[in-house]
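S.K.: Read the sequence shown against numbering that gives the first Met the number 0 and you will find it ends at 268, with the numbers running on by one and no gaps.
Any given hint might turn out to be false.
[As the list claims (entries may be wrong)] Each pair of labels, with its calculated beta carbon distance range: (1) 122 <-> 71: 50 to 56 Å; (2) 215 <-> 246: 22 to 28 Å; (3) 111 <-> 148: 25 to 31 Å.
The hints are simulated quantities; they were obtained by calculation from the structure and are not laboratory data. Computed from a prediction, not measured in an experiment: that's the story for all the values here. By construction, the Cβ of each residue, glycine as well, lies at the ideal position given by its N, Cα and C atoms.
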Amino acid sequence: MTVLSTARRPSESLVMDSLNPDYPPPAVTPATPRVWMFWGTALWGLLIFSAMFVGQIGAIVLLVAQRGLPMDLASLQLVGREPQALALSVAMGLPTTLAVVWLAIRIKKASFVDYLALHWPSWKQLLLGVVGLILIVLVWETMSRALGREATPGFMTDLLKSGRDKGAALLLLFAFSVAAPMSEEVLARGFLYRGWSESFLRVSGAILLSSLVWTIVHLQYDLYFLAEVFCIGLWFGYMRYRANSLWLTTLLHALNNLTAVVLTMWLGS
């Protein structure tokens, strides 16, 4: 005689409980993204900026050592003013920046792509970003002309003209239109925005603070140009929020720099 067991396996129990209105299935809540919050993001941001600086100054130090010059401030300044050396310095800041950002995200065991929002934007979002950027630049160009100011900082104009004459045009083009936008966007609209937007600052505070940090990175400019940088940073921050895409702000940043470099070199001819 066969005895039928009344014991239910765990999977059968879950199925039966889900059919019982007195025992509804447990709600499954999505896992909270692993993100550095305000202070963690701020401290890591400082490390990322330091890594960018170390990569840039490291390139100059190597050139000074390669030429057998004394390792002092005068030699660093002398070599650093050369267009080829400056372009190499800017380019070398990119790998060190990416390395520290990767480490910070890796410690949180998060996805590098999702953390930095490395998603391609739609053509509509790209068009909106470009139109907004053009309008901002035109407003500042008009103000510069009305105030009798130069549209491009004088030292940048001299650097680009010198680089063109010395055969460093392509190297400068890569440094300012590819390496610099990627480094700065990964720091500002990538890492800093992501952590701060999920802290007490929320989105608006993250846009403001990340734009301010991005402006501080450009302290080689005077207050007038810093104000322009800050305005452009606000637009980039808004587009980062609207499109949820760091690639979008990187493309806009690259387009802005590319246009400035090409026009300055062309006008210089």
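S.K.: Taking the earlier hints as the rules, which of them does this structure contradict?
M.R.: Hint 3 alone not satisfied by this model.
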